[in-house]
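Undergrad: Based on the sequences and whatever the hints tell you, model everything.
Residue numbers (this note's numbering), protein chains in the order written: chain A, 2 to 359; chain B, 151 to 424; chain C, 840 to 1097.
If a hint is listed, it holds; no wrong ones were tucked in.
Here's a subset of chain B near chain A, in silico, CB distances under 7 angstroms, partners left out:
no.	residue
1	184
2	187
3	190
4	192
5	193
6	224
7	225
8	256
9	286
10	312
11	384
12	400
No lab work stands behind these hints, which were simulated from the structure alone.
Ideal placement from N, C-alpha and C gives every residue a C-beta, glycine not left out.
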Amino acid sequence: MAYVAVKGGERAIDAAHAWREAARRGDPAVPALSTAQIAGQLGRAVERVMAEASLHDPVLAALAIRQAEGDLIEAAFLLRAFRTTLPRFGAALPLETGRMAVRRRVSAIFKDVPGGQILGPTTDYTHRLLDFTLLDDAPPPAAPRASDPVEAMPRVAELLAAEGLLRPEPASEVTPFDLTREALAHPAPRDARLQGLARGDEGFLLGMGYSTQRGYGGSHPFAGEIRMGAVSVELVPDELGFPIDIGEVVLTECQMVNQFHGGKTEPACFTAGYGLAFGQADRRAMAMALLDRAMQAEELGEAVTAPAQNPEFVLAHADNIEATGFVEHLKLPHYVDFQSEAEAVRRLRAAALAKAAE
Amino acid sequence: MRGYNFAYLDEQTKRMIRRAILKAVAIPGHQVPFGGREMPLPYGWGTGGIQVTAAILGPQDVLKVIDQGADDTTNAVSIRRFFARVAGIATTTRTTEASVIQTRHRIPETKLRADQILVYQVPQPEPLYRLEPSRVAARRLHALAEYGAMHVRLYEDIARLGAVAISYDYPVLVNRRYITSPSPIPAFDNPKLHRMAALQLFGAGREKRIYAIPPYTEVRSLDFEDHPFRPHRADGACALCGARDSYLDEVLTDDRGGRMFVCSDTDYCAGRAA
Amino acid sequence: MSTPPLLRAEGLCLSYGALAALDQVGLALWPGEVLAVVGESGSGKTSLLDVLSGRRTPDAGTVLYQDESGATREVHAMAAPLLRRLHRSDWGFVHQDPRESLRMEISAGGNIGERLMESGRRHYGAIRATAAHWLAEVEIDPARIDEPPRRFSGGMRQRLQIARALVTHPRLLFMDEPTGGLDVSVQARILDLLRRLVARHRIAAVLVTHDLGVARLLAQRIAVMRAGRVVETGLTDQVLDDPLHPYSQLLVSAVLRV
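TA: Put into structure tokens, the structure is as follows:
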């Protein structure tokens, strides 16, 4: 009988977990994946999980991906739940992306820029043909090495700013908002917004960013610069009092240059949208930059008409861990409320039928 | 549990949550933002209630967890095991034995005492969200006690259907000031909110809000003088214990319209049947 | 005049950047009196309405309101809850676009009833009866009480908005081009209705319009605005028949030429 079936929750949960473990491993005749393989060969997945979990740790991200059977949202959730238990030693100094060891750097707004255009390890101009040689694990062709050392590469946004063409971002010494420790309040300042975007779901960022290009809050974007490479992370330990290098992270940074702004009181200038993501993540950084710019609409005195321009809407719905939890919670039992609703419908129906019979 | 603090959260986080709880108790029904943490359970599955429970639990506490009124529903089992594991505290299914009861969607039938705390899991703390999806705007409406629109919703139900059609998560006015969501409990449970001896704490993890109803606080379900609030239950008796005063779950027994009713509160039912 | 004014504004200034929307504007409104503020678009009359009703804070100047208890309140110094309370009951607002105050998906009865419920009324039957009464007052068939304004014509929506504004018996009504955008025949009916209701209930009103015909029909007094300043005030007939200020003369002759 159905009523008995909901009893024994403990045994059901244990059995479900055991089945799950067995299913995760797959066919035991096939060698198990190592986290080194995942970290080394599924780099884009690892980077996405690190971004959405707000934790840079390729090994743990690989572990999470393996444990989640490749479900990247689940993997980000695992990593985030771990992150929240970690103690804090301190905060790094702001990263200096101008001193990035650049592997890739493109600007769509100049034919050439100081430091040059560098394609890097991109798939941009590959033909999207399935490569069947990968089935046989053929070794890749040798990649040529550049002969000349890369010269200094100022950020394109700084070149524009030097001419006054880009709206200046006022410098601030205020300690940035911390989305992982404080509840987001609206209207959210830009530091909080950028944090929300940085850990937002890539698909959501992409879809919302895309919507701005289709007339829902557009701002005439140009890809001013996309650069990818390793950046040093520096920390000032209390006991030393000067910065030390504690390692490096690979980042993609995107500076969008958008429609100009200004009028009688302020000379015309371009406005900027900013995106930053772990690893090689053009799509993520670009979508983030589009949204960062769209969400400045109110501050810039533009009409706020589209969802992408509404920070409360974007930030409340960008977090895929919150979203997946709430969407999926619908499968939890709701029978008490449904019973109440069903009784109400029956009562209203009976009243209406009785009235009709009069 | 090895590697984790008592009741999972670190003490700094617990203090932050306790501060939010104290503020919530001081302003009954008002939603207090808190820096909700990622929990190892999904959002929407009780992370708010779990954080509140984790912040108030002491080693001597006895915890009961119910979902849909039952101790043996899978999510209740999961949360109870979580605390047994990370806090090593005693758990119970008996309402009278518990010092802290975490619940989803029900208030126990057994009257709670002043030495007990009821912690609700709340999916959506903002009672006005259907009328005003912007939380900035909703917060302003609360500040000004501008609640006409909520009554319009009740008015429209009566005009259209002859009665208020809200059957769960029925909005209440707490301490004559704040319109508050009682969480998705059936409207049948609303009268129990009023002047309850136990402290009632509400935790919304995803929305990062905590609110409270202190002991013996006035809680009124919104209504009209000529259409007073009426709690409803299925008209019948529990097939197991014969109760006619408890909230009943409907169980389909076959595909030919066969059904039976049983108490949703499993402890209440077991206590009567024994 | 011995009775104090209901609403008195002094030295109101408001600018948007370099543009002065209000420049040292002062006026007074006595109980039961309708004052029309006329001028071209951009003359500052809507800004004036927003400032008088406390919806916008002026850069300088004061607005004083004598409340029901006889106490004089400075509108822009009031706490937000008190100001909202005035807006919910003692004041009414009639917008050019009824969608600004009506809920299009809620029944006509709910739209009128909301103001009563906001003021604390909790008897469904009484709220509904009052709503039906006010529908009849604005010449809408009370049988349509459960229909949403979405299904109403433009003129009906405007009349519903008026019923919603008047149901709490406000002492002061703010009207912003209340017949703008409506057909001439519909306009006439609404003006007639407004004139009757305002007179019968002795409601004071500030009416903003660019239409001197509307002003002549509804208002006892007129203030002519130009570029943020009040250039002439006086009795309606006096200003319209014998304007003193050159700009008023221009405005009046422009209408007469049409």
